[in-house]
Amino acid sequence: MRPDLSEQLAGIRKVLADVVAPELHDPYPADVLAGVLAALDLLADSWAEVPRFLCWDSAATGDVLRLAGQSVPPMPDDLLDLAALQAHHREVRGLLEAAMPTILEHEVAHAAVVQLFRDRSERYPLAARPQGGFAAHAAR
Amino acid sequence: MKERLAAWLADEVGEPVTIGDVRRTSAGFSRENWIFDATWAGARHDLIARRDPVGSVLETDRKVETAVLRALVGTGVPVPTLRWVDLDGTRLGRPALIMDLAPGTCESFVLNGDRPLDERVALAHRIYDHLAGIHLVGWRSLGLGSALGDPGSKAALQALDHWESELRRVQLDPEPELTYVLAWLRANAPANEVTTLVHGDFKPGNVLLDGDDVSVVLDWETAHLGDPHEDLGWVTNPLRAGEHRIAGAWEPQDLLDRWAERTGWAVDPGAVRWWQVLANVKLSVIVLTGSRAFVEGRLDRIHQSPVRIYRLLLDQIEA
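Chains as they are written, first to last, in the numbering used here: chain A, 20 to 159; chain B, 11 to 329.
There's no promise every hint is true.
Claimed, not checked - Selected chain A positions facing chain B (in silico; Cβ < 10 Å):
hint : residue
1    : Ala40
2    : Pro41
3    : Asp45
4    : Val55
5    : Trp75
6    : His108
7    : Arg109
8    : Leu115
9    : Glu116
10   : Pro120
11   : Ala131
12   : Val133
13   : Phe136
14   : Glu141
To be clear, the hints were calculated from the coordinates, so they are not data collected in a lab. All C-beta atoms, glycine included, are put in the ideal place defined by N, C-alpha and C.
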């Protein structure tokens with residue numbers, strides 16, 4: 020599958036940077052394009068990590084929910100089905116959000132959810148980098 | 011845009027108006043800023059039009075900004091001169107206002123720029139003395155209570171309700187980290203002893219510098235009445251240290267000490283901490299607002315999940 024996804028994303032970024040960016044002389048479109056280039060960089064480097072992260076985060080979130088006595092839906096049968104993986108991930112994150120009052124009253128689950136939040140912030144594959152919009156601007 | 015501006019201004023001044031160059035600046039994540047020059051009666055005027063965008067990272071009320079700009083004239087707080095307002099969007103397609111283009115430049119990271127250290131510290135004093143000046147404004151005598159609403163001693167809870175409501179309105183996905191932090195905020199909300207005008211987004215990037223002087227304080231769209239500790243938490247937020255601090259020379263404590271000296275009020279460290287946490291909730295919600303607007307095709311900037319802000323929030327509430 021050459022060019023593979025990372026190569027295609029990196030190539031599109033290069034075309035935009037080499038061909039389009041030099042022709043943009045107004046600050047606003049140039050600034051917008053800079054954000055697009057940063058996003059393409061991030062996607063080219065990190066897209067392959069997304070399924071692995073979704074699997075890990077869903078499983079780890081399920082562990083915290085079970086500690087707090089909550090029931091957890093099973094993982095999708097096909098872990099290569101990205102849409103199913105995303106839907107399951109969204110469901111367990113929703114359950115965690117809804118269970119927060121219970122978790123805060125449960126010492127072990129409380130400690131576990133804080134550790135989960137810390138771990139996932141380290142592992143999250145699409146965290147904004149500098150130049151990529153307001154979040155990156157704020158984080159500089 | 012040029013034709014619409016010409017028609018609007020001609021109606022306002024009562025004679026034909028010639029519009030020169032019109033260009034949109036890259037500054038501003040919540041408003042479109044269009045700089046242009048206009049000539050009427052033989053005189054050229056440099057102006058700026060601020061128009062609501064199709065999509066924004068921040069939903070704010072143009073009426074509030076207008077009321078504050080008008081009220082602050084003559085108070086000693088330097089604000090842009092407001093010329094005309096179109097609240098219903100008939101002039102430029104969306105709500106907009108036109109102001110004189112104030113002299114000076116916007117330098118978000120000027121406190122850590124190329125100027126000598128003593129000049130940067132002196133500049134910090136001048137910039138943040140304006141924050142104290144904003145807090146000392148006699149908002150009651152200016153009639154701002156009716157326009158902005160007085161939260162009484164519950165400014166913290168009112169702000170918390172507002173930002174939680176905004177989160178629920180804009181979030182595309184569950185955000186349990188923020189739900190966790192909101193619970194901490196609700197359990198620890200301070201009561202405010204004084205109620206002042208709060209800028210809401212005070213920073214070096216929201217002042218114009220004309221040489222070594224602050225010519226105007228900009229971006230009043232988030233101004234409201236509340237606890238002055240809100241602005242103090244905002245400007246001492248560790249996430250924004252690159253904008254507000256000079257390492258070893260203008261630390262958060264220096265800022266707080268000078269503010270207390272200028273206002274005559276004591277700083278409550280617990281309240282500053284609470285408002286710092288809320289500041290980062292607010293930034294997270296602003297990012298999520300941008301994410302929604304991007305996904306819905308209303309914003310041309312990509313906003314990723316604010317997970318790095320979440321990590322800082324955990325550090326802040328467990329400190």
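Hints, verified against the model:
no. : hint   : result
1   : Ala40  : 14 Å, violated
2   : Pro41  : 17 Å, violated
3   : Asp45  : 6 Å, holds
4   : Val55  : 7 Å, holds
5   : Trp75  : 14 Å, violated
6   : His108 : 9 Å, holds
7   : Arg109 : 6 Å, holds
8   : Leu115 : 4 Å, holds
9   : Glu116 : 4 Å, holds
10  : Pro120 : 7 Å, holds
11  : Ala131 : 12 Å, violated
12  : Val133 : 6 Å, holds
13  : Phe136 : 5 Å, holds
14  : Glu141 : 8 Å, holds
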